[in-house]
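Chemist: One letter stands for each residue in the lines below.
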Amino acid sequence: MKYIKKLLDAFVSLVSVVLMCLVAGIVLLMLNELFLRNILNKSFRGMTELAGFMFLWMAFLGVIVLDDRNRLIALDIFYLRTKGAFKELLWYVHKVVALALGITMIIAFAGLYPYVSTEFFSSMPKFAKAWQYLPMAITGAFLAIKALYDIIERILTIAHKTVVVAKETT
Amino acid sequence: MILFFGSFFVFLLIGTPISLSIGASAVLGCLNLGYPIMVIGQKMVSGIDSFLLIAIPLFILAGNLMNAGKITEKIFDFSKRLVGWIPGGLGHANVVASLIFAGMSGSAAADAGGLGTIEMEAMTTNGYDKDFSASITAASTVIGPVFPPSIPLIIYGSVASVSVSQLFMGGVIPGLLMALSLMVLVYIFAVKRKYPRFPFSLGLLWSQFLQSILSIITPLIILSGFVLGWFTPTEASSVAVVYALVIAVFVYRTLDWKKFKECLLESAITSANTLFIIGTSMLFSYVLIKEGVSLQIANFILGISDNPYLILMVINVLLLVLGMFMEPGAILTLMLPVLLPIVKILGIDLVHFGVVMVLNLMIGQVTPPFGVCLFIISDVGDVPLNRLYRGILPFLVPLLIVLLMCTYIPQLVTWLPNMLLLG
Numbered sequence: 001m002k003y004i005k006k007l008l009d010a011f012v013s014l015v016s017v018v019l020m021c022l023v024a025g026i027v028l029l030m031l032n033e034l035f036l037r038n039i040l041n042k043s044f045r046g047m048t049e050l051a052g053f054m055f056l057w058m059a060f061l062g063v064i065v066l067d068d069r070n071r072l073i074a075l076d077i078f079y080l081r082t083k084g085a086f087k088e089l090l091w092y093v094h095k096v097v098a099l100a101l102g103i104t105m106i107i108a109f110a111g112l113y114p115y116v117s118t119e120f121f122s123s124m125p126k127f128a129k130a131w132q133y134l135p136m137a138i139t140g141a142f143l144a145i146k147a148l149y150d151i152i153e154r155i156l157t158i159a160h161k162t163v164v165v166a167k168e169t170t
Numbered sequence: 171m172i173l174f175f176g177s178f179f180v181f182l183l184i185g186t187p188i189s190l191s192i193g194a195s196a197v198l199g200c201l202n203l204g205y206p207i208m209v210i211g212q213k214m215v216s217g218i219d220s221f222l223l224i225a226i227p228l229f230i231l232a233g234n235l236m237n238a239g240k241i242t243e244k245i246f247d248f249s250k251r252l253v254g255w256i257p258g259g260l261g262h263a264n265v266v267a268s269l270i271f272a273g274m275s276g277s278a279a280a281d282a283g284g285l286g287t288i289e290m291e292a293m294t295t296n297g298y299d300k301d302f303s304a305s306i307t308a309a310s311t312v313i314g315p316v317f318p319p320s321i322p323l324i325i326y327g328s329v330a331s332v333s334v335s336q337l338f339m340g341g342v343i344p345g346l347l348m349a350l351s352l353m354v355l356v357y358i359f360a361v362k363r364k365y366p367r368f369p370f371s372l373g374l375l376w377s378q379f380l381q382s383i384l385s386i387i388t389p390l391i392i393l394s395g396f397v398l399g400w401f402t403p404t405e406a407s408s409v410a411v412v413y414a415l416v417i418a419v420f421v422y423r424t425l426d427w428k429k430f431k432e433c434l435l436e437s438a439i440t441s442a443n444t445l446f447i448i449g450t451s452m453l454f455s456y457v458l459i460k461e462g463v464s465l466q467i468a469n470f471i472l473g474i475s476d477n478p479y480l481i482l483m484v485i486n487v488l489l490l491v492l493g494m495f496m497e498p499g500a501i502l503t504l505m506l507p508v509l510l511p512i513v514k515i516l517g518i519d520l521v522h523f524g525v526v527m528v529l530n531l532m533i534g535q536v537t538p539p540f541g542v543c544l545f546i547i548s549d550v551g552d553v554p555l556n557r558l559y560r561g562i563l564p565f566l567v568p569l570l571i572v573l574l575m576c577t578y579i580p581q582l583v584t585w586l587p588n589m590l591l592l593g
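As they're listed, the protein sequences go chains A and B.
Our numbering numbers the first residue of the first sequence as 1 and each following residue consecutively.
Our numbering numbers the first residue of the second sequence as 171 and each following residue consecutively.
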């Protein structure tokens with residue numbers, strides 16, 4: 001489990017760096033477009049397409065960091081007031097929902113792949129639309145793996161505690 | 171459909187993240203109703219794939235840079251000198267600073283988390299009670315997403331296919347009215363409770379103006395850019411970022427590399443929170459439309475009366491209630507397919523409706539018990555929620571009056587965009 005945790009942490013760190021580059025890149029592309037249009041009276045559609053592409057990656061990859069830091073917006077006023085076994089149960093429900101949605105996102109990408117893997121639907125030359133859908137699958141995979149990891153870790157911790165308590169009482 | 175709606179409400183109530191609640195219930199709906207699974211991916215991505223929405227992370231970045239680069243402090247110091255001499259001076263400065271900050275960021279959360287901390291600290295150390303300081307700070311954050319640039323207005327423009335420049339200009343007068351009405355209430359409280367004020371000094375105001383001029387002219391640069399056609403809303407967001415960066419790094423020298431990287435990451439993940447909600451909401455509203463639920467709700471609302479004023483009141487109440495529970499991005503994406511046909515049938519201007527809708531949702535964000543901005547202010551200001559709930563109630567009155575004025579006097583919204591952008 002430790003290795004999986006290290007792997008997940010390393011992946012989140014990598015995604016964080018990518019996110020910083022994506023935001024900075026979008027700013028530069030927008031400024032470049034502004035400069036070209038207003039100063040040189042030219043406009044490259046490719047620039048805005050690329051900015052849109054980077055934006056999609058940023059939007060989905062950002063969810064990875066949010067999920068890792070438990071910062072996805074939630075209406076948790078009721079959840080925070082629950083206690084004990086019921087709170088534990090709700091926590092498992094949250095994780096199962098994340099797991100199910102994550103898996104669905106991967107399957108949805110796989111279903112779309114035959115249609116978006118060609119240049120036919122792409123608005124950028126030599127660039128298949130699949131690249132725009134890929135971050136959804138990556139995020140889905142992370143949501144699923146992280147939820148599964150959290151569930152297994154929680155179960156193992158509870159099992160470990162039970163064993164310790166049992167040993168102490170005997 | 172029972173599974174679709176039931177799972178949505180259950181997930182939401184038990185504290186599952188909003189985006190996951192919407193996404194998972196929409197997936198259950200799709201699978202239960204036999205839609206192909208690829209629709210799920212297609213709708214999620216297409217919901218976010220909008221050039222207009224690119225402005226969201228950039229305006230959030232501009233706000234974060236202003237907070238990290240201490241530009242917000244300069245804005246607050248200037249506001250203090252400008253209106254601090256009126257009874258309840260720091261309360262007025264709080265509102266004016268939020269208005270200036272709104273002209274650069276457009277995010278209520280950035281206002282609450284950054285500028286809000288400075289404002290509350292200054293007020294409490296100058297003898298204002300904590301509840302009052304927190305309440306006026308929470309109420310003034312609502313100005314941000316109404317006064318241009320505004321993130322919810324960008325989302326509205328993207329979903330409803332309405333010019334964002336017109337929406338931005340439409341938000342100017344309502345934003346100013348909100349600020350003015352809040353200042354009137356602050357004045358009443360200040361006289362009643364004998365809150366302190368600063369002596370007026372033209373010399374100090376002038377020196378503070380010179381120190382802060384680069385920060386406070388930002389809204390003017392952005393607004394004039396739209397009016398003169400120099401840049402689109404998305405490009406304006408990049409201008410705001412570079413401007414904030416330049417003054418923080420080269421003029422005030424308050425931003426280092428580490429803070430800059432933190433701002434970049436924070437902007438990406440904050441916007442991802444909203445964008446993922448929009449993506450999953452797009453899938454949810456697709457199911458609503460395909461199953462004819464949107465049409466049924468629209469028919470129900472239209473069946474209440476054929477009087478546009480009454481229908482607008484019904485919509486206002488509906489949005490206020492929804493705004494108390496949900497993130498504005500989700501409500502805009504979920505409710506617009508229902509509300510737009512009604513609005514079009516009644517002949518209501520889409521720019522007018524957009525500003526009224528955002529105003530509604532923002533008031534919902536500071537309305538107890540679930541207003542999101544209240545949670546942020548309670549957290550950063552260390553004020554118990556129950557005290558903030560009591561404190562905020564009087565401030566809802568002027569905001570609701572402005573809402574009613576904007577709802578029933580459309581010219582308050584449409585006059586400026588019509589004059590500057592269409593005339």
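Take these hints with a grain of salt, some might be off.
Stated by the list, open to error - Facing chain B, from chain A, some residues (calculated, C-beta under 8 Å):
id, residue
1, Val63
2, Glu119
3, Met136
Unchecked claim - List of simulated lysine to aspartate or glutamate pairs, DMTMM-like, C-alpha gap at most 20 Å:
id, chain 1, residue 1, chain 2, residue 2
4, B, Lys431, A, Asp76
5, A, Lys95, A, Asp76
6, B, Lys431, A, Asp68
Quick caveat, the hints were computed from the structure, so don't treat them as lab data.
All of these numbers come straight from a predicted model, not from anything done at the bench.
All C-beta atoms in this analysis are idealised placements derived from N, C-alpha and C, irrespective of residue type, glycine included.
Chemist: Hint by hint, work out which the structure violates, then give me just those numbers in ascending order.
Modeler: Hint check: 2, 4 fail, others pass.
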